[in-house]
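Residue numbers (full-length UniProt numbering), protein chains in the order written: chain A, 1 to 509; chain B, 1 to 509.
Hints are supplied without guarantee of correctness; some may be wrong.
If chains are identical, the list can't say which one is meant, so a pair holds when it fits in one copy or spans any two.
Here are the simulated lysine to aspartate or glutamate pairs, EDC-like style, with alpha carbons at most 16 Å apart [unchecked claim]: (1) Lys408 to Glu383; (2) Lys286 to Asp273; (3) Lys408 to Asp281; (4) Lys379 to Asp293; (5) Lys205 to Asp463; (6) Lys466 to Asp217; (7) Lys408 to Asp280; (8) Lys253 to Asp399; (9) Lys73 to Glu312; (10) Lys253 to Asp478; (11) Lys379 to Asp399; (12) Lys101 to Asp150; (13) Lys302 to Glu444; (14) Lys146 to Glu37; (15) Lys205 to Glu460.
It is worth saying that the hints were derived from the structure and are not from the lab.
There are 2 protein chains.
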Amino acid sequence: MHPKILILLSCCAMVTALPAAAASPQAEVRKWRQANERQILQDFSTMLAMPNVATTLPDVETNATAISALLAKRGFRTQLLRAAPGTPPSIYAERLTPGAKRTVVFYAHYDGQPINQKGWLSPPFTPTLRTAPPASAPVGDLASIKGPIDPDWRIYARSAGDDKAPIQAMISALDALKASGIAPTVNIKLLYEGEEEQGSPNFPKIVAQNLALLRGDLLIFGDGPMHQSGRQQINGGNRGITSFAATVYGPNKPLHDGHYGSWAPSPAVMIADFVMSLRDDAGHIKISGFYDDVAPVTAAEKAALAAMPPVEPELKTALGLGRTIGPPRLADGYLSPTLNVRAIHAGDDGPNAANAIATEASASVDFRLTPGQTPARVKALTEAYLTRQGWFIVRDTPDAATRLAHPKVLRLNWDDGGAVATMTRLDTPAAVAVAGSIGRTTGEDVIKLPIMGGSSAFAEIVDQLKVPMVGVSIANYDDNQHARNENLRIGNLWDGIEVYAGLLADLTW
Amino acid sequence: MHPKILILLSCCAMVTALPAAAASPQAEVRKWRQANERQILQDFSTMLAMPNVATTLPDVETNATAISALLAKRGFRTQLLRAAPGTPPSIYAERLTPGAKRTVVFYAHYDGQPINQKGWLSPPFTPTLRTAPPASAPVGDLASIKGPIDPDWRIYARSAGDDKAPIQAMISALDALKASGIAPTVNIKLLYEGEEEQGSPNFPKIVAQNLALLRGDLLIFGDGPMHQSGRQQINGGNRGITSFAATVYGPNKPLHDGHYGSWAPSPAVMIADFVMSLRDDAGHIKISGFYDDVAPVTAAEKAALAAMPPVEPELKTALGLGRTIGPPRLADGYLSPTLNVRAIHAGDDGPNAANAIATEASASVDFRLTPGQTPARVKALTEAYLTRQGWFIVRDTPDAATRLAHPKVLRLNWDDGGAVATMTRLDTPAAVAVAGSIGRTTGEDVIKLPIMGGSSAFAEIVDQLKVPMVGVSIANYDDNQHARNENLRIGNLWDGIEVYAGLLADLTW
Numbered sequence: 001m002h003p004k005i006l007i008l009l010s011c012c013a014m015v016t017a018l019p020a021a022a023a024s025p026q027a028e029v030r031k032w033r034q035a036n037e038r039q040i041l042q043d044f045s046t047m048l049a050m051p052n053v054a055t056t057l058p059d060v061e062t063n064a065t066a067i068s069a070l071l072a073k074r075g076f077r078t079q080l081l082r083a084a085p086g087t088p089p090s091i092y093a094e095r096l097t098p099g100a101k102r103t104v105v106f107y108a109h110y111d112g113q114p115i116n117q118k119g120w121l122s123p124p125f126t127p128t129l130r131t132a133p134p135a136s137a138p139v140g141d142l143a144s145i146k147g148p149i150d151p152d153w154r155i156y157a158r159s160a161g162d163d164k165a166p167i168q169a170m171i172s173a174l175d176a177l178k179a180s181g182i183a184p185t186v187n188i189k190l191l192y193e194g195e196e197e198q199g200s201p202n203f204p205k206i207v208a209q210n211l212a213l214l215r216g217d218l219l220i221f222g223d224g225p226m227h228q229s230g231r232q233q234i235n236g237g238n239r240g241i242t243s244f245a246a247t248v249y250g251p252n253k254p255l256h257d258g259h260y261g262s263w264a265p266s267p268a269v270m271i272a273d274f275v276m277s278l279r280d281d282a283g284h285i286k287i288s289g290f291y292d293d294v295a296p297v298t299a300a301e302k303a304a305l306a307a308m309p310p311v312e313p314e315l316k317t318a319l320g321l322g323r324t325i326g327p328p329r330l331a332d333g334y335l336s337p338t339l340n341v342r343a344i345h346a347g348d349d350g351p352n353a354a355n356a357i358a359t360e361a362s363a364s365v366d367f368r369l370t371p372g373q374t375p376a377r378v379k380a381l382t383e384a385y386l387t388r389q390g391w392f393i394v395r396d397t398p399d400a401a402t403r404l405a406h407p408k409v410l411r412l413n414w415d416d417g418g419a420v421a422t423m424t425r426l427d428t429p430a431a432v433a434v435a436g437s438i439g440r441t442t443g444e445d446v447i448k449l450p451i452m453g454g455s456s457a458f459a460e461i462v463d464q465l466k467v468p469m470v471g472v473s474i475a476n477y478d479d480n481q482h483a484r485n486e487n488l489r490i491g492n493l494w495d496g497i498e499v500y501a502g503l504l505a506d507l508t509w
Numbered sequence: 001m002h003p004k005i006l007i008l009l010s011c012c013a014m015v016t017a018l019p020a021a022a023a024s025p026q027a028e029v030r031k032w033r034q035a036n037e038r039q040i041l042q043d044f045s046t047m048l049a050m051p052n053v054a055t056t057l058p059d060v061e062t063n064a065t066a067i068s069a070l071l072a073k074r075g076f077r078t079q080l081l082r083a084a085p086g087t088p089p090s091i092y093a094e095r096l097t098p099g100a101k102r103t104v105v106f107y108a109h110y111d112g113q114p115i116n117q118k119g120w121l122s123p124p125f126t127p128t129l130r131t132a133p134p135a136s137a138p139v140g141d142l143a144s145i146k147g148p149i150d151p152d153w154r155i156y157a158r159s160a161g162d163d164k165a166p167i168q169a170m171i172s173a174l175d176a177l178k179a180s181g182i183a184p185t186v187n188i189k190l191l192y193e194g195e196e197e198q199g200s201p202n203f204p205k206i207v208a209q210n211l212a213l214l215r216g217d218l219l220i221f222g223d224g225p226m227h228q229s230g231r232q233q234i235n236g237g238n239r240g241i242t243s244f245a246a247t248v249y250g251p252n253k254p255l256h257d258g259h260y261g262s263w264a265p266s267p268a269v270m271i272a273d274f275v276m277s278l279r280d281d282a283g284h285i286k287i288s289g290f291y292d293d294v295a296p297v298t299a300a301e302k303a304a305l306a307a308m309p310p311v312e313p314e315l316k317t318a319l320g321l322g323r324t325i326g327p328p329r330l331a332d333g334y335l336s337p338t339l340n341v342r343a344i345h346a347g348d349d350g351p352n353a354a355n356a357i358a359t360e361a362s363a364s365v366d367f368r369l370t371p372g373q374t375p376a377r378v379k380a381l382t383e384a385y386l387t388r389q390g391w392f393i394v395r396d397t398p399d400a401a402t403r404l405a406h407p408k409v410l411r412l413n414w415d416d417g418g419a420v421a422t423m424t425r426l427d428t429p430a431a432v433a434v435a436g437s438i439g440r441t442t443g444e445d446v447i448k449l450p451i452m453g454g455s456s457a458f459a460e461i462v463d464q465l466k467v468p469m470v471g472v473s474i475a476n477y478d479d480n481q482h483a484r485n486e487n488l489r490i491g492n493l494w495d496g497i498e499v500y501a502g503l504l505a506d507l508t509w
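Whole structure, please, built from the sequences with the hints as guidance.
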């Protein structure tokens, strides 16, 4: 038997494990996609060509109107939800399926990050097909391309990955199912946010005002990149976050460090000491009691983590790292909290370097929190610890009397908008159903990441909706999200269409 | 008896301890100065009005010519010494005293620091009389001032303190002695450098080329500020210096700290760890063997340090310090080495803050060295220690292979132009003579500082000249040298004239 046929059979063997294997929705969808690749990319380019920087409200509105129209054309009842006049709208779109018992809410966002980074290969709102990086050569207009479209090509544009990809995947999946005569098995609710990239200031209010509208049995969170291996992955949520800016103080004017260096405290050393009192080089957090609230890792989570494909050796090389810290497996660290030092600044260097003791020094720190931890508790533990370390904590620039009265003054300002972690256990029936659907689509086991390393203001949303949430990402991990030259791998869009079509057509629990 | 007369008598009582007390040169000089205050300030203003930023050679040349002319008018044979054509000249001026056995070389520099700091109260080359800080109100033109000139007033201009003050003091002292018919007791050699503020790149060569010309029995170093108490002080030299810039490396591109923070090393933490491995918050240097070469403090030095007026409580308050580190007495730290962290930088904060792991982080460090230490030995000790701490040291930005091959890569670049300490013991006869002369001028014991906290490239000069060197400063300690609003307290100029006249007229050993 020819080896290729053997592989094909082996694939089919997995698919035939399903009922109605011969007419699987996934196979029909793939056929439709293969016949319509140029049109799909044309539609996606049209969507990406709309400027969508989150802080430019008129552009955001244009996107909301256009995307709503695309959904209305596909039989959805659409509505723009706003917390208040003059704030960015979220798109709500609903299409009920006669006889469906389950309702699935799909979340994505259509606004984008700023575009003022230098070094874009093509303008961020001129979607451009290119070969895979690092060559990233333009491949010409869609109309001019002869032969098949290479799935490793990329489409370069702001929001190609983050986060218009799942919106296009959903629209194309709906078209594919319709063309194939396949009816969804669930009621579909779409919630596409318009201000995620500016930190969702109004979004929780929008959700709170529309709880009945948004009710469902499962929330599929369609933001964020896929696993580095390129294999389909689901996740149970995000770690929480809280962060602060710290400033420590030395003399009230810069001092000659020859004359005063052995006598006047050095803010540069104080800030280094401050940082090293919080965590060590290996990542261990030294704040007393910090790990007490961390939920223990379950056997299921351990098994899921152990089953993740090993990407670490390649990643270490790709990132130029001579070592790693913490657990050897990247995702094993996600069920622990992390303290990150975003910045430290003290004194001048380079052309402005001076043999001087600076008047102050600063650091910026964020904490990634696990289930069980809260920003309030982390703040309390951190401040109690720092106080025991001799710091006198203030919230504003200390006046002269305060600086004189206390040996070590620390200005500590916690950022607003911290978030607790949100985590749906992946043995929840809805999550098991999602994993099963994607597995049937791709023909291989889905990677189950108990929680993402990053954070999301979404915890509050999930808390309001009281619904299991499963993250399904389709963007390639190297999509340069938030940076210049954001891009989506074309093959990821193809796979995303199949995954979404599968979720619509064969999700049952 | 009228109280004022009592004070006057009490002053005279101290002066009468000297031989020929009635006609003391100091008293004659004071009388002359009091009669010529406006003219002295006018002359000083003319000198300060000449722009003299060290890196602007034509301006430096203008100063050299003008100051040489002032000295030639006072009977000096003058000469501009250059290491090579097109380099800044040092002014050499010589006036021999018939019958004198001793030759004293007076050093100062006439070039100045850059002036591009913001916040000058008046332009740096528009010398302006002002009341004492913090009011610093202009008091009007010299011609318009009625009544006496307040010695607490200041003259604001670049180089008012650092370092044209001793040049004006010398010129006025010469004029005062001439007007009073008092002959100097020593041969006078003046050496006024023109490139001190750019680090004296050519000056050692100038000295090496003119050793015979510069031969003398004593070098009086007239740079730097006085003791904070305002009492006259001599010093035996300067600590040495060496310094480096350090860079540590993390991933080769910024990483999302939620996804990678528990796994990728953090350059921000690495640089803090690096700094804290070098010294602690209290100033103790942790580099193994670092203190082994430090010359022990002698009993005479201890006694001199103990006799220094206590300025620490006032200074602590003035500088807004809630604590000090190291020895309680400021100058007690000068006979130990100091490690200063000039700068630490990692990541972005403020509006550019990102939840990111930076690719690298940097620190800038200087060491102040005591007699017995050398830059070469400090470099060797530091690098051996850092290597034992696991750092792989490179001199250039490491390539990808180097970063992959070593867990902790450290780029370490030592600055050129380090210096060893130079220290003349203040029980040397020439130094004893200087202390005696100044004591007779001021009527009180001079403060004897074994060594200054700062550093100077002058070690090499002293080494070449093989001559005892004593530092005599006249500028107020709060003269804002190197900064905006540099100024000289008028009373300090008056005192400086008397001190210099005394050194010329009654120095014997």
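Quick rundown of the hints versus the structure:
In this assembly of identical chains, Lys408 and Glu383 lie within 16 Å of each other by CA distance solely inside one copy; the values are 14 Å within and 31 Å between copies. In this homomeric assembly, Lys286 and Asp273 come within 16 Å of each other (Cα to Cα) both inside a single copy, at 12 Å, and across copies, at 14 Å. Only between protomers do Lys408 and Asp281 lie at most 16 Å apart by alpha-carbon distance; the minimum there is 11 Å, versus 24 Å within a single protomer. For a Cα distance limit of 16 Å, the shortest separation of Lys379 from Asp293 inside one copy, 13 Å, qualifies, whereas the shortest one across copies, 46 Å, does not.
For the identical chains of this complex, Lys205 and Asp463 are intra-copy neighbours only, at 13 Å inside a copy versus 76 Å across copies, given an alpha-carbon limit of 16 Å. In this assembly of identical chains, Lys466 and Asp217 lie within 16 Å of each other by CA distance solely inside one copy; the values are 9 Å within and 90 Å between copies. Taking the closest pair of Cα atoms, Lys408 and Asp280 come within 16 Å of each other only across two copies (15 Å); inside a single copy the shortest separation is 21 Å, beyond that limit. Within a single copy, Lys253 and Asp399 get their C-alpha atoms as close as 14 Å, which meets the 16 Å cut-off; across copies the closest is 40 Å, which misses it.
Within a single copy, Lys73 and Glu312 get their C-alpha atoms no closer than 45 Å, and across copies no closer than 80 Å, so neither meets the 16 Å cut-off. Only between protomers do Lys253 and Asp478 lie at most 16 Å apart by alpha-carbon distance; the minimum there is 11 Å, versus 46 Å within a single protomer. Within a single copy, Lys379 and Asp399 get their C-alpha atoms no closer than 24 Å, and across copies no closer than 40 Å, so neither meets the 16 Å cut-off. In this homomeric assembly, Lys101 and Asp150 never come within 16 Å of each other (Cα to Cα): the closest approach is 39 Å inside a single copy and 94 Å across copies.
With identical chains, the CA atoms of Lys302 and Glu444 are never at most 16 Å apart, being 20 Å at best within one copy and 80 Å at best between copies. Taking the closest pair of Cα atoms, Lys146 and Glu37 come within 16 Å of each other only inside a single copy of the chain (13 Å); across copies the shortest separation is 93 Å, beyond that limit. In this assembly of identical chains, the alpha carbons of Lys205 and Glu460 lie at most 16 Å apart only when taken from the same copy (10 Å versus 72 Å across copies).
Against the hints set out earlier in the document, violations occur for numbers 9, 11, 12, 13.
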